Each structure stands twice: as structure tokens, then as C-alpha cells.
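Each chain, written out:
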Amino acid sequence: MNGFDWNAAGDVLPLVLRGFEVTLLATVLGTLVAAVLGLAVAVAGRAPSRFVTVPVRAVMEFIRSTPLLVQLVGAAAFFTSVEPLTIGIVVLGIHYAAYTSEVYRAGIDGVPKGQWEACRALSLSPRRTWQAVVLPQAVRKVLPALGNYAISMFKETPFLAVITVQEMVFEARRYGADHFAYTEAFTLAGLVFLVASYPTSLLMRKLEKRLGH
Amino acid sequence: MSDFFSALSDNLPQLRSGLWVTLQATVLGSLLALLLSFVLGLMAISPMLAVRGVSRVVVEFFRGTSLYIQLFWLYYAMPPLTGYELTPLLCGVVAFGLNYGAYGSEVVRGAINSVPRAQHEAAVALNLTPVQRMRKVILPQAWVQMIPPFTNLLIQLLKCTPLLWLISAADLMTVIQQLRDRTGETLTAYLTLLAVYFVLAYALTLLMNLLERTAKRRLGLPTGAGSLLRTRSAVDAVATTAGGAR
Chain H
1 MNGFDWNAAG DVLPLVLRGF EVTLLATVLG TLVAAVLGLA VAVAGRAPSR
51 FVTVPVRAVM EFIRSTPLLV QLVGAAAFFT SVEPLTIGIV VLGIHYAAYT
101 SEVYRAGIDG VPKGQWEACR ALSLSPRRTW QAVVLPQAVR KVLPALGNYA
151 ISMFKETPFL AVITVQEMVF EARRYGADHF AYTEAFTLAG LVFLVASYPT
201 SLLMRKLEKR LGH
Chain G
214 MSDFFSALSD NLPQLRSGLW VTLQATVLGS LLALLLSFVL GLMAISPMLA
264 VRGVSRVVVE FFRGTSLYIQ LFWLYYAMPP LTGYELTPLL CGVVAFGLNY
314 GAYGSEVVRG AINSVPRAQH EAAVALNLTP VQRMRKVILP QAWVQMIPPF
364 TNLLIQLLKC TPLLWLISAA DLMTVIQQLR DRTGETLTAY LTLLAVYFVL
414 AYALTLLMNL LERTAKRRLG LPTGAGSLLR TRSAVDAVAT TAGGAR
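The listed protein sequences derive, respectively, from chains H and G.
Okay, so the first sequence: first residue is 1 according to the numbering used here, each after it adds one.
Okay, so the second sequence: first residue is 214 according to the numbering used here, each after it adds one.
Hints are computed from structural coordinates only; laboratory data are not their basis.
Take these hints with a grain of salt, some might be off.
[To be verified] Residues of chain H placed beyond 10 Å of chain G at every Cβ, according to the derived structure:
no.: 1; residue: L17
no.: 2; residue: V28
no.: 3; residue: L32
no.: 4; residue: V73
no.: 5; residue: F180
[To be verified] Facing chain H, according to a computed beta carbon distance under 10 Å, are these residues of chain G, among others:
no.: 6; residue: F285
no.: 7; residue: Y288
no.: 8; residue: T342
Since we're looking at a predicted model, the values are computed, not measured.
Don't be surprised by glycine CBs; every beta carbon is placed ideally from N, CA and C.
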């Protein structure tokens, strides 16, 4: 087989787009897990006791320094009874939480000390301090960074194909193997990534400018 | 538990060769990425629109299409399309180099732009040629700024090397997976594998900290005593690893 077969490209496109739905689902849910868990970790990282902060930081450092692919394959091999897509979303979310927690931490550190002191002066409970004063200011600043991590995660979702989640690359690979048309399948999958991620990153850039970075 | 480790010690030669493949891919891939970072990064600050445009398109293309796809494209799609076939390891090196080179070029561009304007002007006033300006004045200062984000990219690249397993390049992951299949000790095997990557990542971070120290010392900047052992800052990674246009 030589050259680029346009018919094969036409055949594979619907399959790739069907896989794209799964890819998108994994990205959205994964980002949600990363956003919530990252926030929890960042808040836990400011706990008064070292018995909390040191282990939390160590675990996050470990997760951040080790390959996502190994974490995914390891988790899928260990929890054999759980559905691959669920494992994928959770592992993606935890892996990225190791990054987003640092982003939140920077955002929380960026809230002026006077705000904390004002909360004390008003004798707000710790809960109210976080909910009404600190987090609204911190989260606003970190939104563009979180968005960029979502885009990064989107581009790493093909890893899920390895644990047999039937997302875009899985479909492309299967079509490629069945029809010996890897060229068309992978080219189209790559283009879909480009078409989806580039405008989103432009949007994030705009958001960054608007929030004054 | 002991089964896995006795299998491990019985298979040290394979383990060593797997580690060697992973290290080769990391080192060669990052060298290619470094080269491309400078080429694309310097192109991005060129006064000529066409040169800047080419750099922009190349960078957005390699950042926008997933690394995974690029690797598979080189391995599966390129041979039938062009007739050339790369070894799996070389596929990895090229894909890692192109992808991280695109991210790295943004680091180079940003670092050069962050050197104060007055430094450019002083170099012009001293009648230095453009090449001298870059080599003697701008780059030494920009280089110090580049090292921390480069460290992040290097670790990211290391973390992508298990992808070699998927294109049958007998890397570290492949070897450990074989041992797992033989002994059936899933948890031990994967935790060991993660630990090895963690040690590798930490070792690379230390090396890069050493490099940063030397670069800072050359500029006469203070180097803190604890700076060598610190881990990398994850927040830098936002600027360098996060997707798309910036």
C-alpha cells in the first residue's frame, strides 16, 4: 500500500469521531476529579500539623515524578474488576491533581496576608475563611492554569487506549490493524487532536489576558 | 513478594539493557529536543515574518497533535507511506525530540525576551555584532532562566519513555512487565517500576540543579546552599507543559 488513501480516510473518520466522544468524556470527568482533588490536597497542604502536610506532599511528589502510563497500566492490572474507563478517569484525575494542587497552592499563597488577618479580626470560622474569602480569590487566579492542564490531559487521553478504553486512538488503531491503513487512521486522529486543542488553547490565552496575567 | 525480587536478581542483564534503552531514549530525545528548542525559539524572535511564521506553525503542530499519535505515526504510518523504517528506539527519540522541542522553543523564546531591554541596548552601544550580542550577553543570562523549565520538560520526557513498550522497544517497562507476567506479582512489580522512575527523575533533577548552579555562578548570581537538593517546582510546569498557544 502506498500513498494516502482518501477512501480509507473517509471510512475511519466516523469511527474516530465516535471515539472522540469517549475521549472528551474522559477529559471532562478527569479534569473534574483533578480540580476537586487538587483543591482538597492544596487545602490539606496548609493543615497546621506536619503529620498531614509532609506525607501529602511526598505522595504528590511521587505521583508527579512517575509516568502516567505505568500508573494506568498498574492500576488496570491490579483492579481487574473495575471498568477500564473508570480506572482511566480516576488515574488521570489523580495524576493531574498532583499538578493542580501546586497551582492552587500558588493561588492560595497569592492571597494577601491581610485577607487572612481580616478574617481573624472578624472572627470568621476557618470554614468561612476558606469558603468566603480565600478560595474565591485564589480559584479565580488559577482558572487559566487549570484550563491548560485540561488541554494537556486531553492530549494524554490516548494512554487510555492501552488499558482498552475505546477512545479515539483505540478506534484508529483497530481500524488501522483491520484494514492495514495506519497512515490514514493515525493522521486523522492527529488532526482531530489539533483541531480540538488549538482553538481551546487560544481561548485559554484570552481568558488569561482577561483575568489580568 | 520475594518471588518477584528473586526473579529480578536472576534477570539483571535484561534489567540493565532495559534501563539502558530508557536512558538512551531520554538522553538522545532530550538532546534533539534541546537542539530544536533553540532552532525554533531563535526563529520565533526573528525580525522576518516568514521565519517567525514557520516556527509558529511547526511549534503549534507538534504541540497540538498528541505525542502518542506522533510516535505511532512514525512507527506505523511512516514505513508504508515513505518506504523508510526507523528502529523503535529511533522512533521514540525522534517523536520525543520533536514534541518536547516544540514545548522547549517557547521556553527559549520566553527566556530571551525576559532579558532586560537595556542589556540589548548596552550590547549595541558596545558595537557588538548580532552574534556576539547573543552569545556573550543575551544567552548566558537567558540560559539561567531556561534551566528550571527545561528540568520540568526533561522529567516529562522521561515519564513518556514507557511509551516505547507499546512499539516493542524492550525498555525498562517491557522488562519489568515480563517479570510480572512470570511471577504474577502485580503490585510489587508496578511499585518497583514506579520507584525506579522516581529515582531516575530525582537524579535528573539533581543534575539539572547542578547545571543551574554553574550557570548562575558564571553570572555572579548567588547560589543558595539548599538549592542543590530541592525538587523542581511544579508550577513552572504550567507555563511549559500546558497545551497550545501562549
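Agreement of hint Y288 (chain G) with chain H interface, Cβ distance less than 10 Å
Since chain H brings a Cβ to about 9 Å from Y288 (chain G), closer than 10 Å, the hint holds.
Evaluation of the interface hint that places T342 (chain G) against chain H, nearest CB under 10 Å:
violated (35 Å)
When the least beta-carbon distance from F285 (chain G) to chain H is tested against 10 Å, hint result
Because about 5 Å separates F285 (chain G) from the closest Cβ in chain H, which is inside the 10 Å limit, the hint holds.
Regarding the assertion that V73 (chain H) does not contact chain G, is the least Cβ-Cβ distance greater than 10 Å?
For V73 (chain H), whose nearest Cβ neighbour in chain G is about 7 Å away, the distance does not exceed 10 Å, so it is violated.
Holds or violated: is the Cβ of L32 (chain H) farther than 10 Å from all Cβ atoms of chain G?
holds (18 Å)
Assertion that F180 (chain H) lies outside the chain G interface [Cβ separation over 10 Å]:
violated (8 Å)
Consistency of the no-contact label for V28 (chain H), given chain G and a CB cut of 10 Å
The assertion about V28 (chain H) holds, with a minimum of 15 Å to chain G.
Please check whether the beta-carbon of L17 (chain H) is more than 10 Å away from every beta-carbon in chain G.
holds (15 Å)
Violated hints for the displayed structure, listed by number in ascending order: 4, 5, 8.
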